[in-house]
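Starting from the known structure of chain R, fit chains F, L and Y onto it as the hints suggest.
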Amino acid sequence: MSDKQGVLGIFTYLDVTIETVKKLRDAGFKNLRVFSPFPNHEIEEVMDEPESIVRFFTLFGAMLGAACGVGFTVLMSSDWPISVSAKPIVSLPPFMVIIFELTILMGALSTLVGLLVNSRLRRNAPRTMYDTRFSEDKFGIMITCSKEGVKDAEEILTSQGAEDIKFDSI
Amino acid sequence: MSEEKKGGIKRRDFLKIIGVASGTAAVASSCSEPVEQIIPYVIPPEGIIPGVPNYYSSTCRECPAGCGIIVKNREGRAIKIEGNPESPINTGSTCAMGQAALQGLYNPDRLRSPLSNINAEKLQPLGWAAAETALTQKIEEARKNGKTGNIVFLSNNITGSLGNLVDQWMGALGGTHIQYETYPHEPLKEANKISFGIDKIPTYHIEKTEYLLSFGADFVETWLSPVQYTKQFSQMHSVKDKSVGRFVHVEPRASLTASNADEWISIKPGTEAMLALGIANEIVKSGQSPNGGAGLRGLLSQYSLDKVSEMTDVPKETIAQIAKEFSSMQPSLAIGGGVSVTGTNATETLVAINILNYVAGNIGETVDFGDTLSISTANSFQDITSLVSSMENGDVDILFVYDVNPVFTLPKQLNFKEAVGKVPFVVSFSSFMDETTELANLILPNNTPIESWGDYSPRESVHGLIQPVMTPVFNTKGTGDVILSVSGQVEELNGKFTQTTFYDYLQDSWKKVWTGASGASDFDTFWKESLEKGGYYKELPSKQVSLSPGVSSVKFPEPEFIGEGDFYFIAYPSYKYYDGKGANKPWLQELPDALTTGVWSSWVEVHPDTAKKLKVELGDFLSIESPQGVIETQVYVYQGIRPDTISVMIGQGHTSYGRYAKDRGVNPTTILPIATDARSGGFAWLSTKVSAARVNKSEQFVQTQYTTTQHDRDIAQAISLTELEKGIHHEEHPEPDFYPPRKYNKYRWAMNIDLQKCVGCGSCVTACYAENNIAFVGKDMVAKRRDMAWIRIERYFEEANNSAGFRTSFLPMLCQQCGNAPCEPVCPVFATYHNPEGLNGMVYNRCVGTRYCANNCTYKVRKFNWFTYKWPEPLNWQLNPDVTVRSKGVMEKCTFCVQRINHAKDLAKDVGRDVGEGEFKVACEQACPAEAIVFGNLEDHESTVSKLSHDDRGYKVLAAVNTQPGITYLKKVTQDKA
Amino acid sequence: MKKGTKILSIPLLSVFILLGFYFYNAESSDQGPKQPIPFSHKIHAGEDQLPCQYCHSFVDVSPNPGIPSVKKCMGCHQHIVGRDVDYDFDGTTINIKNEIAKVREYWANKEPIPWTKVNSTPGYLHFTHKRHVKRGFECAQCHGDVASMDQVYKVNRMNMGFCITCHTENAKNHEELTHLKDCLTCHY
Amino acid sequence: MSEQNTLTYARVNDDIIRMLDKPTFKWWALFLPTLLFVGFGLFCFIYQVHYGLGVAGYRHPVFWGVYITDFVFWVGIAHSGTLISAILFLFRANFRMSIYRIAEGMTVFAVLTAGLFPIIHLGRPWNFYWLFPYPNQRELWVNFKSPLLWDVFAVSTYLTVSALFFFIGMIPDIAAIRDRVTEVPRKIIYSILSLGWKGSNWEWLHYTRAYLFFAAFATPLVLSVHSVVSWDFAMSNLPGWHTTIFAPYFVAGAIFSGLGMVITLTVPIRKIFHLEDYITLDNYDGMAKLIMLTSCIVGYAYGIEFFMAWYSGSPAEWGQFYYRATGEYALFYWIMVVCNVVIPLPLWFKSVRRNIKILFIMSIFINIGMWFERFNIIVISLSRGFDPAAWGIYTPSWVEIGITVGSFAWFFMFFLIFLKTLPSVSITEMKELLPVPRKEAKT
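Protein chains in written order, with my numbering: chain R, 1 to 170; chain F, 1 to 978; chain L, 1 to 188; chain Y, 1 to 443.
Isolated chain R, as found in the complex (with noise of 0.2 Å):
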């Protein structure tokens, strides 16, 4: 389908793993991906990648939200008014729980989209380029180059001492 290859080294070591990614891409190469059994802000650090704008789906469905609760209560308050206990038919103090508890669930699902959307989390089964070992004690790296750069890759990845290095076109 395409030209480009895949390079997978697996590293035990988290420095070393951080060290060869800066080799990496002192040597060029751009498209990288770190794998980890956790969250690391070494990594996080080393790969520079921009903030995560899962903040924005959060912001825009907690506001979505809270203007569904406002149209919710009003709207429908105001379609057949019907009066209770002298109180006026939009009476906005007992809608504010209401309102509240829509921003907090609208948020709370649109950072769930939000993260299966910007992670790519959507498809159900490990691609070749994993290993069962990063979901325990390995650290990885992929590097995405043309069939040309994976000799390069290979040799960054031996000369720091990866456990493993497998080879696959994407």
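Hints should not be assumed to be uniformly reliable.
Below are the PhoX-like pairs computed for lysine-lysine, each with C-alpha atoms no more than 20 Å apart in a straight line [to be verified]:
1. F:K138 / F:K496
2. R:K147 / R:K4
3. F:K496 / F:K662
4. L:K181 / F:K746
5. L:K42 / L:K97
6. L:K181 / R:K87
7. F:K726 / F:K240
8. Y:K187 / Y:K22
9. L:K42 / L:K72
10. R:K30 / R:K147
11. F:K779 / F:K697
12. L:K71 / L:K102
13. F:K905 / L:K181
14. Y:K26 / Y:K271
15. L:K172 / F:K905
16. F:K538 / F:K511
17. L:K181 / F:K909
18. F:K743 / F:K417
19. L:K181 / F:K743
20. F:K746 / F:K921
21. F:K208 / F:K240
22. F:K921 / F:K947
23. F:K528 / F:K511
24. L:K34 / F:K746
25. Y:K26 / Y:K420
26. F:K208 / F:K242
27. F:K208 / F:K543
28. L:K34 / L:K97
29. L:K172 / F:K909
30. R:K151 / R:K4
31. Y:K439 / R:K23
32. R:K22 / Y:K420
33. F:K743 / R:K87
34. F:K422 / F:K412
35. L:K134 / F:K905
36. L:K134 / F:K909
37. F:K662 / F:K417
38. F:K538 / F:K528
39. F:K921 / F:K905
Just so you know, the hints here were simulated from the structure itself, not pulled from any lab data.
Showing chains F, L and Y alone in chain R's frame:
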């Protein structure tokens, strides 16, 4: 249709139209729509429009008072009884018993056809023709043997046409007609004979009095004509220009009537005569008597304050004060003779009361012999005892029993039951299998008064007509028709009766009434008018009477008591069951007793000190033993009874009489001895001393209110007379509120309840049950506080500075239709809300049953349908088609009779106007004998309810919660010493 | 999840939704119940042009419109025996004379005719024909063109939405609208 | 943390995934009875629907009883789960890491249980959907002013958010299980549930942000939900319910009871699955301190309620509280006070806080006490309202007891299934606690 014209019965035929009005369907889920059938008439009855009610005037026969009633009929079924405003007796009100007459009509335990055991071991159903033939044969048999003199017709006090027919019939056969009333008030007649030479019971004018002194006359409950006298009392006792009448009640037990008195004076049983004479003596001595007590001074002087006080246990100051008030607060009236205070000296007691009235100048003023009660014509107790002995001697061959249940109501010691066993042929006309009917060989079930023609004259001036409001529910037949039909078959009677139906007989006898009526047009018009008005009412001039000189020589003996026990025993008649007649009606069984709030049971009232002595508490069982027998019943500890007295209500303890009455409570008459009032020969109800001991048994005493005091909640409020006279500064200022006050357009429905008028009789409660399809739930459910009543009468006993030491107050509590209702905002689905006319709407079909509304109800007046309650066939025929029958899982409560409001608005709209004042009444208001309830439109500033809600005495219950109720209560006025 | 399942799920879901709507509205397409006698409103109200109130005579005085008594039927059918012809009653062939004979039989036996209700309201609803007729509504507005139906069927699904829509549209002013949308006007 | 030094990443995986091994006899011995009791509870419910709510012990004026008590109890239990996972996450309290998964599971199952009760207690449960604002031909909406409707929104939001939070936190762990298991059905199920998690830096980046937002949402949510539940009572005018203190009082009570339940659940799990290396005494110490704090808050609320009732001068208020302590229900009141205020007092001593046995027993008392707290608030207040004529005593019926027992069984049923299907301790977060493997010591 000739038949139609004649009987008018077909007119109200319902049988073929059951489906026309869908009637009342349950709320149940609306998912499935079963196939409904719609059954048209074959021949449409005249004047009936399905969906539109018809009203028929009639006369109530639940007790001898004979109130006028109007029966509402929908699609051929009687569904509601209301008082007839035309009737001079009750002028529009009813009591609970009257309301519950419908449950007699539709009682599931009614006999459904004639029964006989002539050819069988047990009673077997048979057809009317066969039944009448059987009866004819027996009469013929008796005739052939020359024993027609051994025929006895035992009935209640049937005045009017049926009474005449029976008299005539018995006359023709040579038999006897005995009229037996459980409470015939013989001493009253006898005392009047002695005092005034008139063997009658007069009419009293309580409404004219300023001061009422009652010696045990329980006029709120059963005495003579309860609805009438309650209404009069309420007029006399209500607030008029900052003044109220004063009512003092003397009785060993604080009955419901006594609870409404400004002062209850606990007296030693049987000594009322002494007190009356003592008071009379004081009046005469102080020169306050208008006639100076002429000729009586000698007699009266024997009753000095000291002596009377000692004999009666009433403090001297009290006697002196009563004497002073009785003579100064004119006109005054002393009445006496309640059943429960009728002892062996009852006649003398009443003579003494007559003397008191005479001395105070009340005879001819507030006591009127111009219009006497018909109960005067009942046979005496001696006639009953001689009947029993002739039955025992085998001198009675055929006994007819009509509308009486002597086996239950007569004291057991009289052995009426055993005596009936000796009668070879007993015929009962009862529509119910009661204790007496059980002994019958032939049962010819009579129609109830709602199904039959008839008339009744409770007093001279009133001729009440009874007309059939619907065709008989079961295969029953009017006794008048049976008599005429049988007479036609008996050879000897051939030709004696020209009429073949009782309807003809009735009309013929009304021709006499017509001739007596002045200024009446032709008979047909008169008849029609009378039917419309419920009878013929005339004015009778009052009659001047004078005291017989013989009075001064009357001896006033001490009462006699049989038995060695420590306690005087009062068996008192019940305002719910009367003499036991009402016990088969679930509405009455479930109507809480006003004082104890007990339901579906019996109890014995015991003073707290006595209870301590006997080591019993509420709910423990006490065995009460007289020489005649023992009864065991639950204790109710009641401060309104003397420590040396205990009392049990009459009416429960049936061994038969249907599922609702059978094996429930005890019948106190079983332990009463056969003692008579020496002078009149009447039965002495208060004649025994019993011993009481705790038995090792205890149960929950099933009540609807477990508290006796208000716990400082100020629910039933009162002001003293002095305050009232001074005038209250009643400032009306709007409470500060977060939201602006609500505006109404044309209507704001509201109610006033005058606590000074309310007597706690519970007729509103029963009327509400009848109007609003409220389910009765039975004792077990009430024990779990699951009664469904929309109105409850709260009763509180509170400490007071009067001679009793406590005051009883009643407060009818129902949905307050709050302007700022706490129940409304909490309902998640808007099943309850505030409607534009000020009603707190309850939409049953929207209710999901969270019950939050009831939790948040300040007044706790909402009732929840824990189950789908069932009305056993045919009790469900009574259900009001205009009101939804609620099913399990929904909340319900007082609706201010919204169906009546809507009906009135519908009628007003037909003529293009708004509903005006007085166009309709809500059910409780309509029934209330005391006229304590006023309903109306607050937006109409001229309406009574509008004016009363700004009354000085007006207050809202628990106003501090700011629910802004639509009901304004008017404070009770207390006359306690400061 | 396979791609196929995804693709399938969309039409499946739509089918379910459509089915739901179908059953929800199915009742209005009902052709009416089977009656003991195939009484044709088309003949009576259509051809013979009897006014509705001739038979349903209480419609302007009572909540119930009234169902004609057998006597009323016989008022005409005493004389009208009916032609001995076949008639296509909603697809079934009936003989008019035979059917009218059934009415006479009920009359002779003094028995009511057990009609099956076409339109019914639940017990918690207090609908009144009188008010609606007095206000000037034509019968057809709710019951449809009865004069063209042999067997009358439910034209409108008489649920709350039906009532409320009409109430909202016909209120003359705000006050009336408040009244017409007040729960207690119909439910008590 | 000396013991944890022996832990390695691989051992964490081993230990935790081992918990998911084939259920033992012991597990079945626990699980089958729960099914039985759930079945009985279901029978009771069907019986109740068929005959009407009258088969419960409800009566005028006590229209709410054991069902609402159960509801509030379970919502309360649910709270500490979110508290531990969200609030303590925001505060970076490390003692949460080993127990938060169990606590979250408890939250979800407790909300699932609690959510049943509002329906069970309805008079017409078949119409429960009327409480949701859905378009309908009646053109009727719901009453947004009703606290019960707030409940509908709050509880359903809470269920959704806490379930999401629970699930999202588990994704990397499920991936770890997926990578371990070999049998086909489990592999597929875990593959689907893991959503294809690979643990790449890209995924971790968004994941950690999203998790943070979830925590940030869950925190006010958890506070609001129990406040809303408390307003079911506080918004009414009933003496004993109508008080402003209810929201914080209920939240504190919820955390208190939830922590109690966490201890009740974790102690046996720790023992059975030998998780001593994961759930450490320090964890318990931290929870015990929180229990101490909330117990004090609850105790203060009990006191201030009494004081305010007396100080208000309202006979209805004072009557209510006097009755609580002295009336027919006094025994329940004092059970509540003893269990919630007196029994936790020894926690002031460190040795007690670190004694697992004492903590376990104490936690059971706390659960009992908190159940009675809700019962007292609901039932005693209702049985003595404003109007003395309408006072009455309530006792639960066998149906209510059956459904309550059924609800416990329902909760434990889910919990037992959870233990055998999902990682009860967070694998990822446990690893975060361990020192990062480095070839050279960091300088």
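Verification of the hints:
1. About 19 Å separates the Cα atoms of F:K138 and F:K496, which keeps this hinted pair within 20 Å; it holds.
2. Using a Cα cut-off of 20 Å, the hinted pair R:K147 and R:K4 holds, with the two alpha carbons roughly 6 Å apart.
3. Restraint check for F:K496 and F:K662: not satisfied, since their Cα atoms lie roughly 42 Å apart, outside the 20 Å limit.
4. Taken as a hint, the L:K181 and F:K746 pair is honoured in the structure, with Cα atoms around 16 Å apart against an allowance of 20 Å.
5. For the suggested pair L:K42 and L:K97, the alpha carbons sit about 16 Å apart, so the restraint of at most 20 Å is met.
6. Taking the CA atoms of L:K181 and R:K87, the gap is near 18 Å; set against the 20 Å cutoff, the hint holds.
7. The hinted pair formed by F:K726 and F:K240 meets the criterion: a straight-line CA distance of about 14 Å does not exceed 20 Å.
8. As the CA atoms of Y:K187 and Y:K22 are separated by approximately 14 Å, the hinted pair is consistent with the 20 Å bound.
9. Only pairs whose Cα atoms come within 20 Å are accepted, and L:K42 paired with L:K72 is accepted, the gap being roughly 18 Å.
10. For a cut-off of 20 Å, the pair hint linking R:K30 to R:K147 stands: about 15 Å separates their Cα positions.
11. Between F:K779 and F:K697 the CA atoms are separated by roughly 18 Å; this keeps the pair inside 20 Å, and the hint holds.
12. As the CA atoms of L:K71 and L:K102 are separated by approximately 14 Å, the hinted pair is consistent with the 20 Å bound.
13. For the proposed pair F:K905 and L:K181, the alpha carbon gap of about 16 Å is at most 20 Å, so the pair holds.
14. For the hint pairing Y:K26 with Y:K271, the CA-to-CA distance comes to about 13 Å; that is within 20 Å, so the pair holds.
15. With a C-alpha separation of about 18 Å, the suggested pairing of L:K172 with F:K905 holds against the 20 Å cut-off.
16. Under the criterion of a C-alpha separation no larger than 20 Å, the hint pairing F:K538 with F:K511 is consistent with the structure, at around 16 Å.
17. Of the pairs offered as hints, the one joining L:K181 and F:K909 holds, with about 18 Å between alpha carbons and a cut-off of 20 Å not exceeded.
18. For the given pair, F:K743 sits about 68 Å from F:K417 by alpha-carbon distance, which is inconsistent with the 20 Å threshold.
19. Of the supplied pair hints, the one linking L:K181 and F:K743 holds, its CA atoms being roughly 18 Å apart against a limit of 20 Å.
20. As the CA atoms of F:K746 and F:K921 are separated by approximately 18 Å, the hinted pair is consistent with the 20 Å bound.
21. Taken as a hint, the F:K208 and F:K240 pair is honoured in the structure, with Cα atoms around 13 Å apart against an allowance of 20 Å.
22. A threshold of 20 Å between alpha carbons decides the hint, and for F:K921 with F:K947 the separation of about 17 Å falls inside it, so the pair holds.
23. A distance of roughly 12 Å separates the Cα atoms of F:K528 and F:K511; the hinted pair therefore holds under the 20 Å criterion.
24. Restraint check: the Cα-Cα separation between L:K34 and F:K746 comes to about 48 Å, which exceeds 20 Å; the hinted pair is violated.
25. Note on Y:K26 and Y:K420: the hinted pairing holds, with a Cα-Cα distance of about 12 Å set against a maximum of 20 Å.
26. Under the criterion of a C-alpha separation no larger than 20 Å, the hint pairing F:K208 with F:K242 is consistent with the structure, at around 17 Å.
27. A threshold of 20 Å between alpha carbons decides the hint, and for F:K208 with F:K543 the separation of about 17 Å falls inside it, so the pair holds.
28. Of the supplied pair hints, the one linking L:K34 and L:K97 holds, its CA atoms being roughly 19 Å apart against a limit of 20 Å.
29. Between the alpha carbons of L:K172 and F:K909 the distance comes to roughly 15 Å, so the proposed pair stays at or under 20 Å and holds.
30. Straight-line distance between C-alpha atoms of R:K151 and R:K4 comes to about 13 Å, which keeps the hinted pair within the 20 Å bound.
31. The suggested pairing of Y:K439 with R:K23 holds, with an alpha-carbon distance near 17 Å, which does not exceed 20 Å.
32. With a C-alpha separation of about 42 Å, the suggested pair R:K22 and Y:K420 falls outside the 20 Å cut-off, and the hint is violated.
33. Taking the CA atoms of F:K743 and R:K87, the gap is about 12 Å. The hint holds against a cut of 20 Å.
34. Restraint check for F:K422 and F:K412: satisfied, since their Cα atoms lie roughly 16 Å apart, inside the 20 Å limit.
35. For a cut-off of 20 Å, the pair hint linking L:K134 to F:K905 stands: about 14 Å separates their Cα positions.
36. Between L:K134 and F:K909 the alpha-carbon distance is near 10 Å, which keeps this suggested pair within the 20 Å criterion.
37. Restraint check for F:K662 and F:K417: the C-alpha separation of about 17 Å stays at or below 20 Å, so the hint holds.
38. The straight-line distance between the Cα atoms of F:K538 and F:K528 is roughly 16 Å, inside the 20 Å bound, and the hint therefore holds.
39. Between F:K921 and F:K905, the direct Cα distance comes to roughly 13 Å. Compliance with the 20 Å bound is thereby established for this hinted pair.
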